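A.B. asks: Chains as they are written, first to last, in the numbering used here: chain X, 1 to 174; chain D, 1 to 460.
It should be emphasised that the hints constitute simulated quantities derived from the structure, not laboratory data.
Remember, it's a predicted structure, so these values are computed and weren't measured experimentally.
Mixed in with the good hints, there may be bad ones.
Stated by the list, open to error - Simulated restraints on C-beta separations:
1) X/80 to D/402: 27 to 35 Å
2) D/395 to X/78: 33 to 41 Å
3) D/182 to X/159: 46 to 54 Å
4) D/447 to X/159: 31 to 39 Å
5) X/159 to D/249: 31 to 39 Å
6) X/138 to D/222: 46 to 54 Å
7) D/270 to X/76: 26 to 34 Å
8) D/201 to X/140: 33 to 41 Å
9) X/140 to D/308: 34 to 42 Å
Just so it is clear, CB atoms sit at the ideal spot from N, CA and C, and this is done for glycine as well.
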Amino acid sequence: MAKLTNILLTGAALASLAACASKPKQLPPPPVDNTAGLNTPPPANTGNVDGAIVPGSDADFRRSVTSNTVLFGLDQSDIDADARAILDSQAAWMQRYPNVRATVEGHCDERGTREYNLALGDRRANAAKNYLVAKGIDPSRLTTISYGKERPVALGSDESAWAQNRRAVTVVLN
Amino acid sequence: MIRSLLVALSVTVALPALAQQAPAPAQSAPQDQAAPAGQTPAPLEVSVTGGVSAPMPIAIPVLPTPQVVDTPAGSTDVLGRQLAGIIATDLRNSGLFTPLPSSQLRAVGFQEVNAPAFDYWGGTGAQALVQGFVRANGDGNLTVGCYLYDVFSKVELTRTGFVVSPGDWRRAAHKCADMVYARLTGEGPYFDSRVVYVSETGPKGKRIKRLAIMDQDGANHRFLTNGQSIVLTPRFAPNQQSIVFMSYENDKPSIYVYDLGSGRPRRVVQNASLTFAPRFSPDGRWILFSMAQNGNTDIYRVSAQGGTPQRLTTSPGIDTGGSYSPDGSRIVFESDRSGGQQIYVMNADGSGQQRISFGGGRYATPVWSPRGDLIAFTKLGGAFRIGIMSPSGGGEKILTQGQDEGPSWSPNGRVITFYRSSPGSSGKADLWMVDLTGQVERKIPTPLDGSDPAWGPLRP
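So here's chain X without its partners, still in its complex pose (with noise of 0.2 Å):
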């Protein structure tokens, strides 16, 4: 018989704040902070020193650009004109910081399996990060993660909370 393991509560409550990732038919609202990703970098290493935004941080990465999170179609992985737009932004701040590597995460809605969620978190991943790499950013500053339907920022059971889950956020790594 296994013997009882320790349980290990971390309580490491990194707050989920809901970002505001609807699909933009006008200019998009001032960035937010999508702490989205769970295993993004612990606030202390947010940029932040004494109250000023290190350049080339993960702070200084979602001020700078148009959004950190770009949305896909029900059960879709392909980049639309507004991802182009957003996926631009991105490539033209990381051209400025050529040393900065990034994840670009994957993720769903609740509407669909755990496995494929998966799976397809991984497409949308790799989309984005494949628009990236063909805006000149080389493939080894980028890394993927898919998070399936696990981390949803918006947590209701409707089309606008599935639109916004629908997405893939890049996090620079600082």
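Guided by the hints, dock chain D onto chain X, whose structure is given.
C.D. replies: Frame of chain X; chain D shown alone:
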């Protein structure tokens, strides 16, 4: 530890030591007591898949003990009551039996165990009667005897007995319930088994997920991981000594094998990108899994000891969720190569891939029954619902209403466990079971919420 006493439970062998403590129970040779002349009683049996027959009334009185002894599992008279309760709960949960309420059950003396008062039990309306005993052996172990009787025919149908260590005492009740269930339904047993699953807590956007294991009735629950990393889709090895699962440890989502004896996980595939959806082959030699590379997911198999994975699918679509047939010769899986998720079957070497789901709609998470006769799946489109079909794709039947996902089969291929989610911002999930008629559905009690249940094999 549990050891069968199948042969040894005849009266003369099992109880001589007790002759000093109580009069030896009257001998009752099973086939000698025929029904009164002129009556040919119908064989006592219950149909699992059919009809609308009412559950069989069954009496399960408290198991007497020849001597009240304190044991590490509790005192034997209390155990006798608890054992009867577990047997009754198992049988009731199957949906096929109605155990009489304990208020209608009189106490049964030790001498009466294999000499039942049939006239009394007939008067209660019970059609079947389960009597047994529990005894402390003096060496720390317990002996539990279990006898099944046909009340109308006044005959013993079958008997069994076990020596159990105190930590395993509940298994004797499950084995007894299995004996009763198998004898009266003709189906295989399934009560002495465990479920591994993902225990969930916390908000919908940041669930804390831990692997956990428990008996199929929810007892003996314990956590296997500590929640620091997301864990998903655990499945038993056929020898029940380990669990294969997927973890996000170190931000590298990969499949691991968790050894239940040592409590240690071992990564299965090295230097791989995203690996997930693992399952053991029926002989335990292979692990089937999915690997995503550059946006494409395919199914691979790798030796359970580790090594170089062998690729089984190559389509540009998403191929995932493989499950072996019980003879290991074929694999059922899901693929969106036709445009949406559908169910496919292939040979174990990846050849002969063909689609079997054509029912209109999309299908996912296929799992082959241990009996080989059915494939369970999640049907998508609107709500998620659990369904079954034959391995050729025919005979589709939807068993639940939703929002249900991720079926797993009982060891006898007659009950399915799955998880059900609530809509909205709670999105809480719970574990449920449903039988093949779809009529008998119940929630499994867990300490927290739960998802991704996997039903283990029958325990030997």
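A.B. asks: Would you mind marking each hint as holding or not holding in the structure?
C.D. replies: Hints, verified against the model:
1. X/80 to D/402: 27 to 35 Å: holds (31 Å)
2. D/395 to X/78: 33 to 41 Å: Roughly 37 Å apart at Cβ, these two residues keep to the hinted range, so it holds.
3. D/182 to X/159: 46 to 54 Å: holds (50 Å)
4. D/447 to X/159: 31 to 39 Å: holds (34 Å)
5. X/159 to D/249: 31 to 39 Å: holds (34 Å)
6. X/138 to D/222: 46 to 54 Å: holds (47 Å)
7. D/270 to X/76: 26 to 34 Å: Distance hint for residue 270 of chain D, residue 76 of chain X holds at roughly 33 Å.
8. D/201 to X/140: 33 to 41 Å: holds (39 Å)
9. X/140 to D/308: 34 to 42 Å: violated (25 Å)
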